[in-house]
Amino acid sequence: MPETLKVGIADMKYCEPPNKITTIGLGSCVGICLYDRYIKHCALLHIMLPDSTRFSSQTNRLKFADTGIDDMVKLMEEKGSRVTSLRAKIAGGATIFNFSSTSGSGNIAVQNVVCVKAKLASYGIKIVSEDCGKNCGRTIIFDPETFELTVRTAGQQIHVI
Amino acid sequence: MSFNEETLSDQVVNALSELGNIGAGNAATSLASMTSSRLTVSPPTVELLSFDSLAEKLGGAETNVVGILSAFEGDLSAMILFVTDLENAASIVEAVAGKELDWRTEIGLSAIKEVGNILIGSYVASLQALLNKKLRYVQPEICIDMAGAILDIPCIEIGKVSDHTLLINSKFNNGEKELEGYLMVFSDAHSYDRLLSDLGVSLDA
Numbered sequence: 001m002p003e004t005l006k007v008g009i010a011d012m013k014y015c016e017p018p019n020k021i022t023t024i025g026l027g028s029c030v031g032i033c034l035y036d037r038y039i040k041h042c043a044l045l046h047i048m049l050p051d052s053t054r055f056s057s058q059t060n061r062l063k064f065a066d067t068g069i070d071d072m073v074k075l076m077e078e079k080g081s082r083v084t085s086l087r088a089k090i091a092g093g094a095t096i097f098n099f100s101s102t103s104g105s106g107n108i109a110v111q112n113v114v115c116v117k118a119k120l121a122s123y124g125i126k127i128v129s130e131d132c133g134k135n136c137g138r139t140i141i142f143d144p145e146t147f148e149l150t151v152r153t154a155g156q157q158i159h160v161i
Numbered sequence: 162m163s164f165n166e167e168t169l170s171d172q173v174v175n176a177l178s179e180l181g182n183i184g185a186g187n188a189a190t191s192l193a194s195m196t197s198s199r200l201t202v203s204p205p206t207v208e209l210l211s212f213d214s215l216a217e218k219l220g221g222a223e224t225n226v227v228g229i230l231s232a233f234e235g236d237l238s239a240m241i242l243f244v245t246d247l248e249n250a251a252s253i254v255e256a257v258a259g260k261e262l263d264w265r266t267e268i269g270l271s272a273i274k275e276v277g278n279i280l281i282g283s284y285v286a287s288l289q290a291l292l293n294k295k296l297r298y299v300q301p302e303i304c305i306d307m308a309g310a311i312l313d314i315p316c317i318e319i320g321k322v323s324d325h326t327l328l329i330n331s332k333f334n335n336g337e338k339e340l341e342g343y344l345m346v347f348s349d350a351h352s353y354d355r356l357l358s359d360l361g362v363s364l365d366a
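As you go down the protein sequences, you meet chains A and B in turn.
If you're matching positions, the first sequence starts at 1 in our numbering and goes up one per residue.
If you're matching positions, the second sequence starts at 162 in our numbering and goes up one per residue.
It is worth saying that the hints were derived from the structure and are not from the lab.
It cannot be assumed that every hint is accurate.
Residues on chain A that point at chain B, a partial pick, calculated with CB under 8 Å [to be verified]:
{"#": "1", "residue": "Pro2"}
{"#": "2", "residue": "Thr4"}
{"#": "3", "residue": "Leu5"}
{"#": "4", "residue": "Ile9"}
{"#": "5", "residue": "Gly27"}
{"#": "6", "residue": "Leu62"}
{"#": "7", "residue": "Ile96"}
{"#": "8", "residue": "Phe97"}
{"#": "9", "residue": "Gly133"}
{"#": "10", "residue": "Lys134"}
{"#": "11", "residue": "Thr139"}
{"#": "12", "residue": "Thr146"}
{"#": "13", "residue": "Phe147"}
Think of the CB as a built atom: it goes at the ideal place given N, C-alpha and C, for glycine as much as any other residue.
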């Protein structure tokens, strides 16, 4: 029986067909699917924060875009992929609350997306498609067989990128 | 205070519950005057939870919920989120309005936001009075979306320092049935530390 693996917050998992992989309720967090254009396998990462260097306590590397993507690329290499054949699809980074407090996490969503893109670019990994920004929560499901990323929003609209 | 521990000492739970009780008492008084006593608040329960289990409490990360988010700053800083499912939101709005009212309308949303505002304001006021500290809090924002998405912003705020948050489970009664809503307090370990020491609770006990 094919199953759908569930990735939590600040979490990452590896997946091969016929299984699919999902992460649920992305708000300002970003979901990053890394797959290989030649080998049918993938990893999905759910990050919360952009840059680990700005925080002193880093108990979980998967919380951050920079360290999380480092770990994900390493995992894909261990599973037999070459960095040059890796491709990415990303979704999330929504602004859920129009919240402007002086503690200032208001544009964390934007920072998350910027940081994810910069980190992927530093590896030369191309972003094939994305669904980022706006103000709606998203659930994403990736199929390593077809490389399709299905995005579902709270309004129940479903689209494939 | 170590926040990677799954459990809190009884003494700490008692202190935080007491804080919750006083806040709920204040909230009940405010809500009663607003609703002509249609809505009462029961003493809340307090738990310390990881982010993933927070979403589970709300029926899973994909469940659509109503969230009202505010923050306070000053001697202590925290984000406060009041969250309830759509069914409970509808009942709360009807209790406040005193009649059948679609909560998805502008008036309905405004009513539920006001309930959230009062609850949040009451907790902040209890904290101020108890600790004799000045705290400012910002106008709450309301949002209806997936639980996971709504939890993101406060989880991110606290996620910089910790993987756990304090959950205060508030129960309301509209005379006919129990309505449930969660008041979640997201703060850093440093603020909790100060809060508890101000309450006279030793963390090493």
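These are the hints, each one checked on the structure:
| no. | hint | result |
| --- | --- | --- |
| 1 | Pro2 | violated, 20 Å |
| 2 | Thr4 | violated, 13 Å |
| 3 | Leu5 | violated, 15 Å |
| 4 | Ile9 | holds, 5 Å |
| 5 | Gly27 | holds, 3 Å |
| 6 | Leu62 | violated, 11 Å |
| 7 | Ile96 | holds, 5 Å |
| 8 | Phe97 | holds, 4 Å |
| 9 | Gly133 | violated, 13 Å |
| 10 | Lys134 | violated, 11 Å |
| 11 | Thr139 | holds, 5 Å |
| 12 | Thr146 | violated, 22 Å |
| 13 | Phe147 | violated, 23 Å |
Checked against the numbered hints listed earlier, the structure breaks hints 1, 2, 3, 6, 9, 10, 12 and 13; every other hint is satisfied.
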